[in-house]
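Colleague: Fit chains B, C and D to the known structure of chain A by using the hints.
Residue-level listing of the chains:
There are 4 protein chains.
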Amino acid sequence: MSRAPCVRFGNAKRAADLKLYLEDPDNFETLSVVFNRSSRFGRLQGIKCAIAGKNLYIRFTCSTGDAMGMNMVSKGVQNVLDFLQTDFPDMDVIGISGNYCSDKKPAAVNWIEGRGKSVVCEATIKGDVVRKVLKTSVESLVELNMLKNLTGSAMAGALGGFNAHASNIVAAIYIATGQDPAQNVESSHCITMMEAINDGKDLHVSVTMPSIEVGTVGGGTQLASQSACLNLLGVKGASKETPGANSRMLAAIVASAVLAGELSLMSAIAAGQLVKSHMKYNRSTKDVSKASS
Amino acid sequence: MSRAPCVRFGNAKRAADLKLYLEDPDNFETLSVVFNRSSRFGRLQGIKCAIAGKNLYIRFTCSTGDAMGMNMVSKGVQNVLDFLQTDFPDMDVIGISGNYCSDKKPAAVNWIEGRGKSVVCEATIKGDVVRKVLKTSVESLVELNMLKNLTGSAMAGALGGFNAHASNIVAAIYIATGQDPAQNVESSHCITMMEAINDGKDLHVSVTMPSIEVGTVGGGTQLASQSACLNLLGVKGASKETPGANSRMLAAIVASAVLAGELSLMSAIAAGQLVKSHMKYNRSTKDVSKASS
Amino acid sequence: MSRAPCVRFGNAKRAADLKLYLEDPDNFETLSVVFNRSSRFGRLQGIKCAIAGKNLYIRFTCSTGDAMGMNMVSKGVQNVLDFLQTDFPDMDVIGISGNYCSDKKPAAVNWIEGRGKSVVCEATIKGDVVRKVLKTSVESLVELNMLKNLTGSAMAGALGGFNAHASNIVAAIYIATGQDPAQNVESSHCITMMEAINDGKDLHVSVTMPSIEVGTVGGGTQLASQSACLNLLGVKGASKETPGANSRMLAAIVASAVLAGELSLMSAIAAGQLVKSHMKYNRSTKDVSKASS
Amino acid sequence: MSRAPCVRFGNAKRAADLKLYLEDPDNFETLSVVFNRSSRFGRLQGIKCAIAGKNLYIRFTCSTGDAMGMNMVSKGVQNVLDFLQTDFPDMDVIGISGNYCSDKKPAAVNWIEGRGKSVVCEATIKGDVVRKVLKTSVESLVELNMLKNLTGSAMAGALGGFNAHASNIVAAIYIATGQDPAQNVESSHCITMMEAINDGKDLHVSVTMPSIEVGTVGGGTQLASQSACLNLLGVKGASKETPGANSRMLAAIVASAVLAGELSLMSAIAAGQLVKSHMKYNRSTKDVSKASS
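Chains as they are written, first to last, in the UniProt record's numbering: chain A, 1 to 293; chain B, 1 to 293; chain C, 1 to 293; chain D, 1 to 293.
Accuracy of the hints is not assured; some may be wrong.
Intra- or inter-copy, both count: the list cannot distinguish identical chains.
As the list claims (entries may be wrong) - Restricting the straight-line Cα-Cα distance to at most 25 angstroms, the calculated cross-link-like pairs of lysine-lysine (DSS-like) are: (1) K48 - K75; (2) K201 - K13; (3) K19 - K48; (4) K201 - K132; (5) K19 - K75; (6) K126 - K13; (7) K13 - K48; (8) K135 - K75; (9) K236 - K201; (10) K240 - K75; (11) K48 - K132; (12) K135 - K201; (13) K236 - K48.
Think of the hints as simulated: they come from the structure by calculation, not from any bench.
For reference, chain A alone in the conformation it holds in the complex:
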């Protein structure tokens, strides 16, 4: 997880001084000790700086055990800022978050650097299954993926949006398992790839998602329904053997559900079924008085 405060100096030279100090491997241990003081699980992993004139944006990344970890990282960052004030008394802390983090906004820094968990999920789908179950062909899916998810998104000026509907699945799981649904903005960054393999007979499909922000402790994970859902998935609470294992597994579950969702929607579109399916399963044409949501 990452957090990036913005600090300002009297001139760019001083901002660069701090940048060099922070990026010097010799100082990393000291900074880690300071950062890690506030939490049992938060462990500083890296520091990446961006300068804009005399303003410095410092992106701290840390491991967070099984928590999503925004508060953990914010506290660690506050520790480091307090510590730096001694050696850099002319440092003016503009804000603990300077939007270079970048939380709940579509931003290239997350797409390039990752945030939360970075997951790749893949599957091979036999040509037979594509035809009989998905009612389309390997060739059609590969072509649709190239023209919709790659080219169409390129034409639309997409940022990390090279997929059909990752956001649907991410939003649903986030609500069900007590994640922060406002984070699906970047958590649903995804590139879906479909390639013909085995001489064109079978389909290789994958989703690559660099910034899935999830936790299995803290926040909404403690609510009754949400906790039950996590339990159902076998990832409730903190992993005792390997801290972080539960939240990593949850991220893998998110990605695999997205992969299934991509296969399903892409097949429906390739088969020309999208409109018909929406009409058939549309909530508004049903009696929803008993639906739980």
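Modeller: Just chains B, C and D now, with coordinates in the frame of chain A:
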């Protein structure tokens, strides 16, 4: 609301032929009649094309009454595609959605062209209020906005993410009122501006949100709790006097809540209170067994 | 060609008033007369507004005959701003260029809306030629294009950069023909598509370039060498029969040269020849004392 | 300088294996030895990987002495790919450049990671000078910068284009000193900041340019005029004392010229002089027959 199918021809010349046909004002009436056939409320508003070689992406936009309108526009698009097949028999429909729409993905086309409702919300905050209630100063807020929401987001390579946390508010309202929370990806596109006015004494704050996708009929708006929330806000169901008035009002409510959220968080950051507030109100330190969410 | 001044009002309401006025089709004729006053060739084509709070960005587009036309459009915009001051006396002109134009910067608005000339150029290359001349295969080129120009650029967070090296060709022609080489930033926006046709035997290749900014009169086109180059290409000066025909032809020449360049470099990469070719033709290993460039 | 080949495996698992191998600090020395073999100056600095399903994009960065270094880095990359083939025989090299480099395309990876030299240049301009020489005020410049270079570019969906006209200066110097003018696409990435200091009396201005790609040896630097220009600037050829010092100095010269250009144009716009200046100095109204360009 918009939907953009992808169609393909044997060559770019033919794709350009269709583009010219679709963008010719003389054909708009005919296309409207065909498009509007499927719905009482969906009314074709515009057609914008993008070519990538021999592939054409056709972004249809239509008014949708008080519904969010994705299904409505999809059906209208299907009508037009069926109609075009007569005059363009060599047109190969690759998919009813070609990602140039662009639904549930961060994409410049929504930021530039808008999608759903485009709303600007503004307020003037007296300097007194900024000091006494928000515990900060006009000058600090203006500076923080410039360095965080504008410069920080620019450094992060943001797309439509020039705000502090619009997504938090959008996600919350969308869940509460039965909207599609997966659409908060682009619905939370927002640029927050803060400028000193009246000789620096007072604060002018605004949020500009070009793609708020909401409806007050259909979908999740019919669920019991969600329906109650819409009722509470006075925007439940279809407006009988002015179709679309309820959904437009809901979009305005979203934007004004975002404005309030921006003021609040920005003030907390400017006052250096962010970490402390999160610790104080953190759900995990409370007894949440009775919380409803 | 486009130019977008930034104007500011006391509140967003007033900025919206001007937006509605400018986008009202009934006012277009009046605005055109005012705009067109300053030039024989500049003809207002459209007005597109973007609001950010109480600030309005007004993107004027106009045809410019055979000139690239930046000065022409700037003068027309100045006319309109002067004219508007009467009805909108509270309008504060912040700058004649508000970066929503957008000139010499990579910006989605040019990729989505176009600037200068928008050109698609296509070719069918026989499989035989691909093998014998380009020393590669249709399949390899299609795959390389998908993985490099589409997927690789998507991973890199590209904006309008879905090509191999359009900028090389654009820069070279711009210098040779007296264009503004600083404009190759957006003039080289390009998506290159390669698709197998005729049952996979042949290659369909295209380049789509939405914002080629060129002119055949004015600026550097009058210099001796540059003028000679334009003459050689048959597009020197203003077309007498059809104003704009020469500059449109020059844009088509740029795109077709880019297509040739894409085919050449992509083939070299597919054949694994890139490094070897650069070593062989590298200027630094040759006697360049007599080279003219 | 950076170069990023694209390689493909049979599945994502294997692509991840190579990613882990390449990012393991224990392997860096071996890889460096292999990479550095081809050149006296090229020294591997870092490796950054991006996965898209079973395809891996490997961005190698290396120092290049006083050369711009594209060929140097390409050769080093080729060495590493040949070397890896032994341990990863199932690795399929799709292309030596996979567009994740990213050369001559606007791409977030350069804006976030840098390419070539990353430079910040700053200056303090006394209020007196702003008034008397630049004919405007500190307040106007600060405001114009906020509304044009930050907000206007944000509205336009800019990527690294938060400046007024960096590209003009970069293009001019690149042509004059024998650089590759096609690289001004990313070399002109720039964020211009203007802030009032000393209680609003004076102006602090800076330009931050993360990807200036220049060299003082090789390529066009050997041509007569270009070589003379480099000599004039005192940065001709390779620095004997400190390899790379000349090219770093040239990058600093580029940035400082951009800073001067920003000050000049921004002042002209703030003073409402842009159109008038262009009319006055327009080449087309002069006798240019003797102009050298």
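Colleague: Each hint should be assessed against the structure and marked as holding or not.
Modeller: Against the structure, the hints:
1. K48 - K75: within (18 angstroms within a copy, 29 angstroms between copies)
2. K201 - K13: between (60 angstroms within a copy, 21 angstroms between copies)
3. K19 - K48: both (9 angstroms within a copy, 20 angstroms between copies)
4. K201 - K132: Close inside one copy (14 angstroms), not across copies (29 angstroms); limit 25 angstroms.
5. K19 - K75: within (20 angstroms within a copy, 32 angstroms between copies)
6. K126 - K13: between (59 angstroms within a copy, 19 angstroms between copies)
7. K13 - K48: within (18 angstroms within a copy, 28 angstroms between copies)
8. K135 - K75: between (52 angstroms within a copy, 22 angstroms between copies)
9. K236 - K201: neither (40 angstroms within a copy, 52 angstroms between copies)
10. K240 - K75: within (23 angstroms within a copy, 48 angstroms between copies)
11. K48 - K132: neither (49 angstroms within a copy, 37 angstroms between copies)
12. K135 - K201: within (15 angstroms within a copy, 27 angstroms between copies)
13. K236 - K48: Cα proximity of K236 and K48: none, with 32 angstroms in one copy and 34 angstroms across.
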